[in-house]
Structures are given as C-alpha cells and as structure tokens.
Amino acid sequence: MNGWHLDEATVTRYAHGRVTMAVAASVEAHLLACAPCRALLTPAVDLARLRSLWDDVAERVDTPAPGLVERLLRLARIPEDTSRLLASTPSLRASWLLALGAVLGFAALASEADERGTLLFLTLAPILPVVGVATAFHRRLDPAHEIGLAAPYPAFRLLLLRSAAVVGVTSLAAAGASLLLAGPALAAAAWLLPALALTSLTLALSRRFDIVHVACGVGAGWAAAVAGAQIEGGRFAAFGTAGQLACLLVTVASLLALVAYRDRYATPLGGA
Amino acid sequence: MAEPVEVFHVRKTFRRTVALAGADFTAGRGVTGLLGPNGAGKTTLLRMLATVLAPASGRLRLLGLDPAMPAERLAIRRRLGYLPQEPGFHRGMTVFEFVDYVAILKELTDRRARHAEVRRVLNEVGLAPVSGKRIRAVSGGMRRRVALAQALLGEPELVILDEPTAGLDPELRLRFREIVSRIGEERTVVLSTHQTEDVAAVCQRVVVLHHGRSLFAGTPAALIEQAAGRVWLDAERSPTAQLAWRNGDGLVRNIGGAPAGAELAAPTLEDAYLLLVGDRAMAVTA
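Note that the protein sequences, when read in sequence, are chains Y and E.
First residue of the first sequence: 1, per this note's numbering; consecutive thereafter.
First residue of the second sequence: 1001, per this note's numbering; consecutive thereafter.
Derived from the structure by calculation, the hints contain no laboratory data.
There's no promise every hint is true.
Unchecked claim - Covered by chain E, according to a simulated footprint, are these stretches of chain Y (three or more residues, beta-carbon under 8 Å):
id	segment
1	59 to 72
2	82 to 88
3	139 to 151
Stated by the list, open to error - Which chain Y residues stay away from chain E? Per the calculated CB distances, all over 12 Å, these:
id	residue
4	Val19
5	Asp55
6	Pro154
7	Ala173
8	His213
9	Ala225
10	Leu245
11	Thr251
12	Ser254
13	Ala260
All values reported here derive from a predicted model rather than from experimental measurement.
Where a beta carbon is used, it is the ideal one built from N, C-alpha and C, also for glycine.
With these hints in hand, go ahead and build the complete structure from the sequences.
Put into structure tokens, the structure is as follows:
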C-alpha cells in the first residue's frame, strides 16, 4: 500500500488504452503494488481487446524469422505461405545452390581451354535443373514426404511452383555462368531450350515412373543425343537449329501432357 | 448409420510379400487400437486409412467417402490427421516453423489464424515452451510430440496414429495416453501399437491383426473374455500351457488349456492377445 489510489476514470481510460505512455507507465507501476486498484481494474478490462492484444504479442513472438531464400521470395512479392513451401524445397537450400554455382562455374571456366569445355558446359547446364526437380520431389529427400502426402494441399500446384522455382534459380545460375563462356554470345544461350525440354519431359514422365529414375534416364538420353549429334554433324550439332526445334517440340508436348493429366497429380498416393 | 472407418476384405501385396490378406473392421467415434506383432500389416493398413496407399483389392470407406476416388480422397484429407510410424522432419526448422509448414500443407493460408492454430496444437501436446527450438536440438520424445501436434492441426475428424508411443519413456507414454484419450472423446482415432497396456488404457475397441488378417475386432472386454478359464497360477510351468512365465511373486502364470483343478486367474488383455496370436507369440517369446 502506498497511500493513494487510482481514480475510476483513470482506470477506465487505462483499461481502454486511452492514456498517454507516461500515464500508462505510472498506472502500471502503481498496479503492481496495489491490490485494491487491481481489483478496480479487473471489471473495466475489455476482454476482447485484451485477447486481441495478447494475440498480437504471441504473433510477434512466434512468427518465424524467414531465411534468406524465403526473404528473397517475399521480396519478389510471392505470398508468405507459398514462400515458406518453396523455401523448404531441398534443391533450393544454400548447400545445393553453392554446389550448383560451383559446377557451372568450373564448366564455364573449362570452356577457356578449348571447345570441348564449351560443349561440356552446354551439355551439363540443361541437366542441372532436371536434377534439381528430381531432388525437390523425391520421397527419400523430402523428410516430411509422408506427412505432406496425406495433406490436402494441391499437389499439382506444388509441383509447378517448386519446379518453376528450381528451374528459375538454376537458369539464373547457368545464365550467370554462361557470361564466363568463351566463344560466340549466341552459343551461351543454347542450353536454355534443352533445359526446358529436359525438365518438362521429366515432370511429364514422373506421373508414371519414379522421378529419380526418370531424371537419370532423361539425363543419360540427353548426353547420348549430344554425343550422337556430335558424331553425325559436328561438335555443336545438338545445339543447332534442328536440335533447338526438337527441344521446343519436346517442351510443348510435355507441357501439354502435364496439363492434360493434371488431375492425376492432384491427389497422389505413396509407394511401398 | 455408416461408421467413420469401414474396412472390408482389404488386401495388399508388395512384390511377393503379402502385407494384408483380407483385413476387416469398422471403427466409430473413440479410440480404436490395432494390435499385432511386427509384420502383421498394421502400418500398411494405417497408411491406407491415411489415404497414402491404395489397397490391391477390397473396399475402404473413410468418413463415408471412397479414398479410391481422387475428389473424395481430397475431401478425406481435409478432415484427416496422420502421424506416420517414422515421421520425418525438416531438422533445421524450429518446432513452430515445422508445424506451421504442415499447417500450410493443410490449406491454412491465413497467417494469423494459422499461427493461432499452431499455438493451440503445441499447447495441447505441451510443447509451447520449446516452440522456438530447432527440431535437431530437441529430444526424441519431443519430436514425437511435434509429430502428434501436426496431426492435430485443424481439429481433424479422423486421426490416424501409427505407433504413437513407440520408444517413449513411461512418463511420456502416460502423457500421450492422456492426449489420445482426450482427442478420442470427440473424434475417431485409430492407432497401432505393440503395447497391450496402451490398448487397455485408452481404446474402446481393439482389432488384432496377424499375418495381414484381422483375428479379432471388438471391445477390449470381449477380447479378455476369450481368455476366461485359460489362465492359471501354479508353482511350476505346466506342460499344457501355450506360454508360461514366473511372476514377481514367485508363482508361474500359465496361459493355454488349463488342467482340471487349476487355480484360475483373472485374464488380462495381454493374456488374451497372446492366446489369440498363439504360435507367433511363442516364437517371439522363446
């Protein structure tokens, strides 16, 4: 007891948040030591407001701090929940991105030596998004795969979102690395259509087969096609007009197949 | 009135291994326990109830819907909570972040409402004080509770729990029983376990699975009733007993065909279960 008490009007104003900071601090200091004034305050408190304030406090305390990838995605105006789902994609983690940068950087630098280095880069760059997409969806690489499978989130939407993010990030890295590429500027972009073709083909085939098996098959098929074209028509034959047209056709056909069978991806089942 | 879970002659084979060879049971509101030895088909059956695995044949109805139909499967998933046998975690996430991540997968998109729901389930399993800790830094028991918390998001009508008490110390097991029992008061819970004590403690119905078949489906009391007159105490092991072990008080508890004049004992759920799974139980305990 400190000899004075709060008047009812002040208590009511305080309870409704209508006092200055200085008065609020003074009231709170007094309330800590004065049981009769606390008793006066209790009925004056607006419970809905109190609950709302408490929710605000809990929200501030609990809201997770977003990581680097999530922050970048939010900067790109991607909604908070979608950013969270994308940021948890295995092939968008920092370790994967570093490895991706290293592989592309070394391949680009190898092009300084001779044309074989450029061919290595152009062959490798389209395979990397395929590996990224396979990593994003393989059940053994996603620790919460089984939990996610039983959840109602639209699987086709998740497939497209994560694939687009992986292809986008990988393509940006490849585009950056291609600036280091020796040779004509046009050659530096020759990997782009093959990358889209291989990735969309992998996604389309994943409806029927394990995505890692598909990725291995598509990667091996692509390497064989580049080698075959090299024997037939010269070192960069696979990246010429005919090759680019073939890649465009594969991309369009695969995307059409994806859209046509989107319902099959909607509520997937797990394996053994 | 259809029960929330109806399983009719469900079969499943993985290559040459028969996981389910015609399981049948129904489960209503309350807690139903699937009891059976390793390899009995419990996890396969629960994965089917969680809509992540399709049966090779037979019929399954969940919440009145057919999980074989994509649209109905989606509708079931919206009303379902699932704790897998080996739940995986993004170990770099905090407890709150992981449950929040699953909440997004459960279509809780409004951030404030979602976070409030995450707080609610973390409170329910007693994890609110460690919600900011990274999953890699918390104990195995706490991870199990994280997995349970995500299964409770959105107050699902059907909750599937695959061995929720496996590997937990006695105190945590009691805590789990309390939580599961509370959930089962308003919803349908189907859980699997090796522990007859768990079934006796919280389940209103029990299904005994063995070699992929359901040997028994009914109340724990009805299962115990099957062992009446087949459990007796003696100074020595009886040659007519299927199983016998010496109690802490020095007497041998024999279960099987009781000889005339034997001092019969009140059977427990464990006795009845051991009698039911018979040869398999003897092989395990030998």
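For each hint, the structure was consulted:
1. 59 to 72: Answer holds; 4 residues pass the 8 Å Cβ test.
2. 82 to 88: holds (count 3)
3. 139 to 151: holds (count 10)
4. Val19: Label holds. Min Cβ-Cβ 27 Å, cutoff 12 Å.
5. Asp55: violated, 7 Å
6. Pro154: The assertion about Y/Pro154 is violated, with a minimum of 9 Å to chain E.
7. Ala173: Label holds. Min Cβ-Cβ 22 Å, cutoff 12 Å.
8. His213: Its Cβ never comes within 12 Å of chain E, the nearest being 17 Å, so this holds.
9. Ala225: holds, 34 Å
10. Leu245: holds, 36 Å
11. Thr251: Correct as stated: the minimum Cβ-Cβ distance to chain E is 27 Å, above 12 Å.
12. Ser254: holds, 22 Å
13. Ala260: holds, 15 Å
Violated hints, listed in ascending order, are 5, 6; each of the other numbered hints is respected by the structure.
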